[in-house]
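> Below, each chain spelled out in residue letters.
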Amino acid sequence: MSASPTNASPKRRAPTRRLMAPAVLFLLIWMIVPLAMTLYYSLQDYNLMMPDMRGFAGFLSYELLFTDPVFWDALLNTLLLVATCLLITVVAGLALALLFNRTFVGRGIARTLAISPFFVMPVVTGLIWKYMLLDPVYGLFSWVMRSMGFEPIEWLSSYPLLSVVMMISWEWTPFALLILLTGLQSLPEDQLEAVRLDGANRWQEFRHIVLPHLGQVLYVVVMLESIFFLTSFAEIYATTSGGPGTATTNLPYYIYLGAFYQYDIGLSSAAAIGAVVLANICAIFLIRFVAGNLNAGSQR
Amino acid sequence: MTASTVDKTPGRKSGAGGTALTLLAWLIGITMFFPILWVVLTALKTEQTAFSMTPTFIFSPTLESFKSALAQGSGYWHYALNSVITALGSTLVGLALAIPAAYAMAFYPSKRTDFTLVWMVSTKFIPAVGVLIPVFLVYRSLGLLDTRLGLTMLFTSMNLPIMVWMVYSYFRDIPVDIVEAASIDGASTAQTMFRVILPLALPGLASTGLLALILAWNESFWSLTMTDYHAATLAVYTASFKSGEGLFWARLSAASVMTIAPIVVLGWFAQRQMVRGLTFGAVK
Numbered sequence: 001m002s003a004s005p006t007n008a009s010p011k012r013r014a015p016t017r018r019l020m021a022p023a024v025l026f027l028l029i030w031m032i033v034p035l036a037m038t039l040y041y042s043l044q045d046y047n048l049m050m051p052d053m054r055g056f057a058g059f060l061s062y063e064l065l066f067t068d069p070v071f072w073d074a075l076l077n078t079l080l081l082v083a084t085c086l087l088i089t090v091v092a093g094l095a096l097a098l099l100f101n102r103t104f105v106g107r108g109i110a111r112t113l114a115i116s117p118f119f120v121m122p123v124v125t126g127l128i129w130k131y132m133l134l135d136p137v138y139g140l141f142s143w144v145m146r147s148m149g150f151e152p153i154e155w156l157s158s159y160p161l162l163s164v165v166m167m168i169s170w171e172w173t174p175f176a177l178l179i180l181l182t183g184l185q186s187l188p189e190d191q192l193e194a195v196r197l198d199g200a201n202r203w204q205e206f207r208h209i210v211l212p213h214l215g216q217v218l219y220v221v222v223m224l225e226s227i228f229f230l231t232s233f234a235e236i237y238a239t240t241s242g243g244p245g246t247a248t249t250n251l252p253y254y255i256y257l258g259a260f261y262q263y264d265i266g267l268s269s270a271a272a273i274g275a276v277v278l279a280n281i282c283a284i285f286l287i288r289f290v291a292g293n294l295n296a297g298s299q300r
Numbered sequence: 301m302t303a304s305t306v307d308k309t310p311g312r313k314s315g316a317g318g319t320a321l322t323l324l325a326w327l328i329g330i331t332m333f334f335p336i337l338w339v340v341l342t343a344l345k346t347e348q349t350a351f352s353m354t355p356t357f358i359f360s361p362t363l364e365s366f367k368s369a370l371a372q373g374s375g376y377w378h379y380a381l382n383s384v385i386t387a388l389g390s391t392l393v394g395l396a397l398a399i400p401a402a403y404a405m406a407f408y409p410s411k412r413t414d415f416t417l418v419w420m421v422s423t424k425f426i427p428a429v430g431v432l433i434p435v436f437l438v439y440r441s442l443g444l445l446d447t448r449l450g451l452t453m454l455f456t457s458m459n460l461p462i463m464v465w466m467v468y469s470y471f472r473d474i475p476v477d478i479v480e481a482a483s484i485d486g487a488s489t490a491q492t493m494f495r496v497i498l499p500l501a502l503p504g505l506a507s508t509g510l511l512a513l514i515l516a517w518n519e520s521f522w523s524l525t526m527t528d529y530h531a532a533t534l535a536v537y538t539a540s541f542k543s544g545e546g547l548f549w550a551r552l553s554a555a556s557v558m559t560i561a562p563i564v565v566l567g568w569f570a571q572r573q574m575v576r577g578l579t580f581g582a583v584k
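So the protein sequences, as listed, match chains A and B.
No gaps in the numbering here: position 40 of the first sequence is 40 in this note's numbering, and each next residue is one more.
Plus 300 on top of the position in the second sequence (first one is 1) and you've got this note's numbering.
FYI, nobody ran anything at the bench for these hints, they're computed from the structure.
Relax, there's no trap hidden among the hints.
These stretches of chain B come out as covered by chain A in the derived footprint (C-beta under 8 Å, 3 or more residues):
1) 328-342
2) 346-359
3) 397-410
4) 526-539
Ideal Cβ placement from N, Cα and C applies to all residues, glycine included.
Using the sequences and the hints, build the whole thing.
Spelled out as structure tokens, the structure:
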């Protein structure tokens with residue numbers, strides 16, 4: 001300890017390059033190389049059914065993609081799905097977080113029950129909803145409708161996209177609840193005391209203290225949820241298989257069908273590039289956030 | 301100021317409306333949980349009671365459906381074993397890759413490590429469908445399709461960005477002085493990492509591992525596209541109930557319960573620890 005270094009940096013440089021290399025290489029091989037290959041395939045005329053007719057096709061796949069009405073349906077469905085699920089989960093999650101941010105009998109248990117759907121495997125969520133809840137004859141929802149004197153609704157055929165939205169919202173409202181509740185609990189008590197002494201009512205208290213405090217947390221919830229909602233697959237796979245027609249075909253499902261049922265590598269790759277672009281619009285915001293956090297950290 | 305004594309959480313004193321809000325919170329908790337409870341109840345029924353237009357809430361429970369879901373030929377154990385191997389395997393590989401990387405980033409920050417960190421996190425936002433086709437074609441030519449190894453690596457790549465970020469954020473809570481002191485005392489990088497830092501960060505590493513385990517267990521996209529039977533996980537097993545077999549509701553429910561129970565229970569215990577990783581450190 002006597003030989004204290006003059007500069008703040010550690011005496012011996014750690015081999016940072018070697019420490020990071022395995023993780024970097026892994027992501028290069030499993031993410032970046034395939035991504036570059038997707039880009040390459042999207043410029044190729046390549047169908048697995050006709051492996052001999054392969055060749056450079058320029059932007060033909062993109063032209064075909066943009067003139068395919070199903071692609072536009074899928075894009076619209078993806079955006080609708082993301083927007084509705086975001087709206088429902090954030091609003092419901094915030095309301096529930098406020099509700100659970102009080103001390104009451106058995107709060108821990110009630111909260112645990114409420115967040116449980118988040119841990120359910122999406123395939124199982126799809127099956128539970130498809131059969132046991134939404135089945136037009138034997139489903140629980142139909143029984144409730146009938147016992148209240150209404151006609152049961154054929155959810156999956158009459159309101160397919162809404163049904164998928166309900167499933168995803170059931171899984172992800174708990175996520176918003178869990179995160180926002182933690183955010184609420186880090187709210188400094190003295191700020192609330194101060195505005196109460198000033199005679200603020202509940203709405204003013206919420207609007208001027210609680211909501212600004214939650215800003216960053218809300219931002220993270222919206223961003224992470226959009227990334228997951230953009231790639232929803234299992235719920236659709238297990239219930240509607242993208243139908244009826246194209247009613248619940250989103251971008252991931254469209255690419256899956258194109259690659260595994262039409263064997264059209266060129267077209268599906270072009271659509272995959274579209275999905276990457278869409279996700280990256282969301283990602284830009286997250287990167288800004290992470291970078292901002294890094295700067296804050298380096299001032300420690 | 302004197303009135304608020306025991307109340308740990310900020311909130312007004314609960315008056316007459318307090319009881320109503322408490323009831324509402326409980327009602328919502330039970331409603332959210334109800335579909336899960338309903339599957340558990342259905343799994344304990346006979347097929348006849350399970351499949352009826354008027355749901356029965358009171359019945360004599362039977363383990364018949366669990367027996368039939370576990371029976372020879374149903375293959376439950378085969379899929380469960382694959383789920384355990386791929387989820388645990390990807391978590392361990394992920395930790396082995398994430399810890400050294402995060403160590404370099406947290407204790408020896410430079411422009412290059414910062415850039416690498418941001419780049420790693422950004423790969424999380426390449427959607428799986430964006431790499432699906434090349435991964436499928438390459439796996440097919442390398443014979444990695446429908447193998448546990450192939451699937452484990454895909455799970456690892458899916459979780460690695462989040463794991464690096466989580467481990468990094470836990471490491472950053474440890475004062476740099478500790479690393480400097482150890483290094484001055486003559487400890488090598490490996491010694492410092494294993495003897496000094498890892499024990500300090502153990503709770504954080506445990507929550508990182510738990511989160512990765514939960515995400516990998518519930519993963520469905522890669523399992524459904526890359527596996528068929530040999531490496532197929534419980535996601536593929538339950539998905540096979542989506543047509544035809546779905547009519548056996550009690551058996552479907554028993555299979556579902558056995559698929560989700562381990563992770564739901566794990567989630568109950570890990571809920572607090574998971575928050576931080578899920579929010580990229582925005583909430584502590």
